[in-house]
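Peer 1: Given next are the chains, with one letter for each unit.
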Amino acid sequence: MTVELGHFALILALTIALLQGTLPLRGAARGDVRAMAVAPAAAVVQAVLVAVSFGCLVAAYVVSDFSVLNVALNSHSSKPLIYKVAGAWGNHEGSMLLWVLILALFGGAVAVFGGNLPLGLKARALAVQAWIAAGFYLFILITSNPFARLLPPPADGKGLNPLLQDPGLALHPPFLYLGYVGFSMAFSFAVAALIEGRVDAGWARWVRPWTLAAWVFLTIGIALGSWWAYYELGWGGWWFWDPVENASLLPWLAGTALLHSAVVVEKRDALKGWTIFLAIITFALSLLGTFLVRSGVLTSVHAFATDPERGVFILALLVIIIGGSLVLFAWRGPSLEGGGLFQPVSREGALLLNNLLLTTAAAAVLLGTLYPLLLEAMGGGKVSVGPPFFNAVFLPLMAPLVVAMAVGPLLPWKRGALAAVLPRLWVAAVAAAAATALALALLGDAAGIGLLGFGLAAWLFAGTLTEVAARIQLFAVPLRVSLRRAAGLPRAAWGMTVAHAGLAIAIAGMTGAAIGKTEVIRALAPGETVAAAGLTIRFDGLSQVAGGNYEAIQGRLTVKRQGEPVAVMTPERRIYPVEGRETTEAAIRSRPWGDLYLVIGTTEADGRTVVRVYVNPLVPWIWTGALVMVVGGAISLADRRLRLGAPARRATVPATIPVATARSEG
Amino acid sequence: MAQALASPASRSRLIYVLPVALFLGLAAYFWIGLGKNPHDLPSTLIDQPVPAFALPPIAGREHGLTAADLRGQVSLVNVFGSWCAACRIEHPFLMRLKSDNVVPIHGINWREKDRDAGPQWLKRHGDPYTRIGDDPDSRAAIAFGVTGAPETFIVDRQGTIRYKHVGPITPEVWTGTLAPIVARLRTE
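Protein chains in written order, with our numbering: chain X, 1 to 666; chain F, 667 to 854.
Next comes chain X alone, as it looks inside the complex (with noise of 0.2 Å):
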């Protein structure tokens, strides 16, 4: 029965995305306010509905109801309560309903918390929002709709892959898609602003905090991810260039670049149409990777949902969205130009190459994730693009960014000189050469132009801080008036500074991850030990150990240095009987500078065990700086000015459109 209701649940709140995308529209057209009134009405009701939906389908998961096909197909009595519940979401229809659950859940929270938004501009972006809900509904209802039953219903469930299986896995998903749907909301703001045909200050304030919000859930999203890859996939990585992976990155990357325009349009009126532009391309990327995942066009060893017509249906809501929009854009976009001019070196010529540098790498990464398809379509056989290629284009596009990073904020808006500014970032020097020189005398010279990266992140650390320091004065005033000009910083600053900080961070970890690494493979016999990095590893035996719903076989192994023992480790073997599946559990031992990393193989005929031994320095550091981007963007979230909406400039653009006039600032 709940099942059901979930169903019909969803079915009206289709209904209702559709009379939200219409009436507000006619409205904002006619300046008929009551009809405008309808879309934040309409959002939270939609909202609401689609909440029961997924409740309703949890709590056949939870119940563990095999008579509906997907909790049959996906879950098992025997799993833990959490898994259960996560299985919801660890398949594709269930993956879907997440998915327009969040996108119902934006548009909620734009009608509750966009009080200071221009009623128009409220009411067209919703519409928007719920055309793509309207889209992405029918796609459930129509081609995998989660509420199928099954009957007769079987004694018990088919399990979810045992990979999934983990805390790490069952959040990275919500926040994936918190951050991949959030970017649906700039787009929405986009639209919007080009059926309106006006683009200006108020607008960049406004659509800043979606973006913003979106941005630190999709960091949270692809640094889950990234971590869980690599303590579950056993082989000591982190970040494979997996074309799913790429598929998080993507928006990612244009996000960032979106968030920084979105500064040049609020503060300086500039860089319009390439702002819009950028707000319909990430969510337009955000959309390729849940179709990346989805249809079948790359096989990849996420892709859990492979079905090409499912995949016909998305590439039509695909061209529709996407092309429906920059058609507009093509038409609306020349108009939307003008206002302030600067000079290549200036703050805003910093942004732009920030733009420029973000956006080249997002088009190399999505060109080496689609060339095999590409390739393929113009018969050219199947091939995979790996990490090498990532490397070789990703990385020099990334480092003159992170030296732009540390110059940028410590220009002028419009006029800027590098003369006035190179002198003071000579902290910022001193510590890249430090740092390189340190990495060179720890790790010799054998990892080459890769030791570069620790004077980068060197140098963007000591950079920020630089200019955090000249912004509050320190040691150029009594450290007690520093302390309080640095209170009185607006938080969006100390939330750039904190970001940029975690982006150094993130960066020395993954250069000692990348340079740094050692790898022993060997078959050991109980007793028998293994050298790494300083390192006596002694193999002391296996046992068999019974988990919840698997059986594992767990080795024992003792760590020594120098003779005296530091830890013992017990990686394991897990084998799940109810999917038939193995999994390599690692147990990893996490310092500040460095994890030990011990997988367990098969056992060979004469009673050896395979035993690989992974030292990795600096890889806590990946997460921790991720997670100090995330503080720093939950920071700049809390300013002040993008919650109470500062008094706008007027636009310098004409309204074309009356209702533009009608506009309320607050």
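Calculated from the structure, these hints are not laboratory results.
Ideal Cβ positions, reconstructed from N, Cα and C, are used throughout, including at glycine.
Hints may contain errors.
[As the list claims (entries may be wrong)] Below are the SDA-like pairs computed for lysine to any residue, each with C-alpha atoms no more than 20 Å apart in a straight line: (1) F:Lys779 to X:Thr518; (2) F:Lys779 to X:Trp239; (3) F:Lys779 to X:Glu519; (4) F:Lys779 to X:Lys267; (5) F:Lys779 to X:Ala514; (6) F:Lys789 to X:Arg608; (7) F:Lys789 to X:Thr603; (8) F:Lys779 to X:Ala532; (9) F:Lys779 to X:Trp235; (10) F:Lys779 to X:Thr603; (11) F:Lys779 to X:Ala531; (12) F:Lys779 to X:Ile521; (13) X:Lys517 to X:Gly534; (14) F:Lys789 to X:Ile521; (15) F:Lys779 to X:Gly237; (16) F:Lys779 to X:Lys158; (17) F:Lys779 to X:Thr584; (18) F:Lys779 to X:Thr602; (19) F:Lys779 to X:Pro209; (20) F:Lys789 to X:Glu232; (21) F:Lys789 to X:Ala525; (22) X:Lys517 to F:Ala752; (23) F:Lys779 to X:Arg522; (24) F:Lys779 to X:Val520; (25) X:Lys517 to X:Glu232; (26) X:Lys158 to F:Ala752; (27) F:Lys779 to X:Leu233; (28) X:Lys517 to F:Lys779; (29) F:Lys779 to X:Gly386; (30) F:Lys779 to X:Pro387; (31) F:Lys789 to X:Thr602; (32) X:Lys267 to X:Pro209; (33) F:Lys789 to X:Ala213; (34) F:Lys779 to X:Pro388; (35) F:Lys789 to X:Gly607.
[To be verified] To list a few chain X residues with every Cβ distance to chain F over 12 Å, as calculated: (36) Leu19; (37) Val48; (38) Leu73; (39) Ala155; (40) Pro167.
With chain X fixed as given, assemble chain F onto it according to the hints.
Peer 2: Frame of chain X; chain F shown alone:
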């Protein structure tokens, strides 16, 4: 730089239309991509001679695998690795094919990080292969267009690739798909 965006109307119009054009091209490619089954061998490799390759033997074996070894009789070329979980699944069936002497199976031992990993794996699970080539750096695998392991190619008497199967060979796959092809090729 910002001025460049606001250049003469006609040219900037063109810039604004460019994204739509690019996107439609991409959508067309997706459309083509969707029509293709990721498990099908790309048409360019079917009915082509096996790529020229010569792989050294794995540790403990005398012979490697070369393109010339694939001429003379219908054979299977199976891409496997000790790191590949799905290879374990098909392995008992390959052993059965071997003990029943159904068809020669050649192996490409793909992407072993450790020279001894492949031989040890075979020692543990049995060795169904007539010849094995060691391919740690994917030289042959790339030439064959291998996308993952296990993958199995059916090669005819002339050394031409006639079929590719992606994923483990189960008894169903064998009797339903592969065995009839092998039988047909033998009569050619």
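Peer 1: All hints are to be evaluated individually against the structure, with a verdict given for each.
Peer 2: Right, here's what the structure says about each hint:
| no. | hint | result |
| --- | --- | --- |
| 1 | F:Lys779 to X:Thr518 | holds (14 Å) |
| 2 | F:Lys779 to X:Trp239 | holds (18 Å) |
| 3 | F:Lys779 to X:Glu519 | holds (10 Å) |
| 4 | F:Lys779 to X:Lys267 | violated (54 Å) |
| 5 | F:Lys779 to X:Ala514 | holds (17 Å) |
| 6 | F:Lys789 to X:Arg608 | holds (12 Å) |
| 7 | F:Lys789 to X:Thr603 | holds (11 Å) |
| 8 | F:Lys779 to X:Ala532 | holds (17 Å) |
| 9 | F:Lys779 to X:Trp235 | holds (11 Å) |
| 10 | F:Lys779 to X:Thr603 | holds (17 Å) |
| 11 | F:Lys779 to X:Ala531 | holds (18 Å) |
| 12 | F:Lys779 to X:Ile521 | holds (8 Å) |
| 13 | X:Lys517 to X:Gly534 | holds (13 Å) |
| 14 | F:Lys789 to X:Ile521 | holds (18 Å) |
| 15 | F:Lys779 to X:Gly237 | holds (14 Å) |
| 16 | F:Lys779 to X:Lys158 | violated (34 Å) |
| 17 | F:Lys779 to X:Thr584 | holds (17 Å) |
| 18 | F:Lys779 to X:Thr602 | holds (15 Å) |
| 19 | F:Lys779 to X:Pro209 | violated (47 Å) |
| 20 | F:Lys789 to X:Glu232 | violated (28 Å) |
| 21 | F:Lys789 to X:Ala525 | holds (16 Å) |
| 22 | X:Lys517 to F:Ala752 | violated (28 Å) |
| 23 | F:Lys779 to X:Arg522 | holds (11 Å) |
| 24 | F:Lys779 to X:Val520 | holds (10 Å) |
| 25 | X:Lys517 to X:Glu232 | holds (18 Å) |
| 26 | X:Lys158 to F:Ala752 | holds (19 Å) |
| 27 | F:Lys779 to X:Leu233 | holds (16 Å) |
| 28 | X:Lys517 to F:Lys779 | holds (15 Å) |
| 29 | F:Lys779 to X:Gly386 | holds (17 Å) |
| 30 | F:Lys779 to X:Pro387 | holds (17 Å) |
| 31 | F:Lys789 to X:Thr602 | holds (12 Å) |
| 32 | X:Lys267 to X:Pro209 | holds (15 Å) |
| 33 | F:Lys789 to X:Ala213 | violated (55 Å) |
| 34 | F:Lys779 to X:Pro388 | holds (17 Å) |
| 35 | F:Lys789 to X:Gly607 | holds (12 Å) |
| 36 | Leu19 | holds (29 Å) |
| 37 | Val48 | holds (35 Å) |
| 38 | Leu73 | holds (20 Å) |
| 39 | Ala155 | holds (24 Å) |
| 40 | Pro167 | holds (23 Å) |
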